[in-house]
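Novice: Sequence:
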Amino acid sequence: MIRSMTAFGSAKAETGHGTLTIEIRSVNSRFLDLNFRLPEELRMLENTLREMITRKIARGKVDVRANYARNASRDTATLDMAALNHIAGLLAAARQAIPDVPSPRLSELLAGANGNDPLDAEVWAAMAAEAGGRALADLQAAREREGQRLAQMMDDCAQGMNRIVQDVEASLPAVLEEHQQKLAQRLREALLAASPEGFAMISGEELSARIAQESSLFSLRIDVAEELSRLRSHLAELGHILAGAGQPAGDGRKGGSAGKRLDFLFQEMNREANTLGSKAGALSMTRAAIDLKLLIEQMREQAQNLE
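Take any residue in the sequence shown, count from 1 to its spot, add 370: that is its number in this note's numbering.
In short, the hints are calculated from the structure, not lab data.
Below, in silico cross-link-like pairs of lysine-lysine (BS3-like), each with a Cα-Cα straight-line distance of 30 Å or less: (1) Lys630 <-> Lys663; (2) Lys431 <-> Lys630; (3) Lys426 <-> Lys382; (4) Lys630 <-> Lys426; (5) Lys431 <-> Lys382; (6) Lys663 <-> Lys649.
It should be emphasised that the depicted structure is a prediction, and the values quoted were computed from it without experimental measurement.
Starting from the given sequences, assemble the full structure and let the hints guide the process.
Specialist: So this is what it looks like as structure tokens:
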């Protein structure tokens, strides 16, 4: 499955112990780069989230954020009167400077009463698995949607390359014939310049043989059949990758990285386009080589965002 490296996913898990919200954001990177921004109380969740993400994502800079809110237990909720009096004193002092400072809510006071109790690691790890799993699924779905859009853009470029390759193949006989006509004209002009009776000094068979020899050398020099064949092979491989072959859905690590495979493939395509340009025997072939390189560069830019 083709996936983009840029996406966002979030999810929330709620239990009687509280609420846990996890956000996962990913952007481009050559390698997998994980960054966790967790409250100190939730540091024990990092390994759970790390293992979950590395099983699904192969490349990208991934930022993971977690926020939580604890619920006060109705059975154990108590108020520390000494702490409450201290808070009242602080509130009175604050109102001397800022008269409209609001009073804290009872729920906030209850939460503060239990705020120093350690979190139950097993309970919050289970919540992290639930919220993290759904946030990761949300992220992957967004990456796949964006990946399909990028794949469609590259497929459109590939279709344009196919048309250029077909046009070059179809134009080769005309290019060779045009060269033969130009060669014959230059030979006639050279003979006439050397002697007005130059044609009387060379037979038609010799002139035809000379033209055929020069045309044969020219046809060998502009022979791009191998380059065109390789381009067709590369375009077939491109279609294979864009179709998601060897990339099972749900596991970005299987089948290798599509982005890296495409980057190598575009290097090979560019090499063939350069060779095609160097062998160009006509202006139309030069233009074709330039158009191919432009399309390859467009696809390379899109592939930079693929996993």
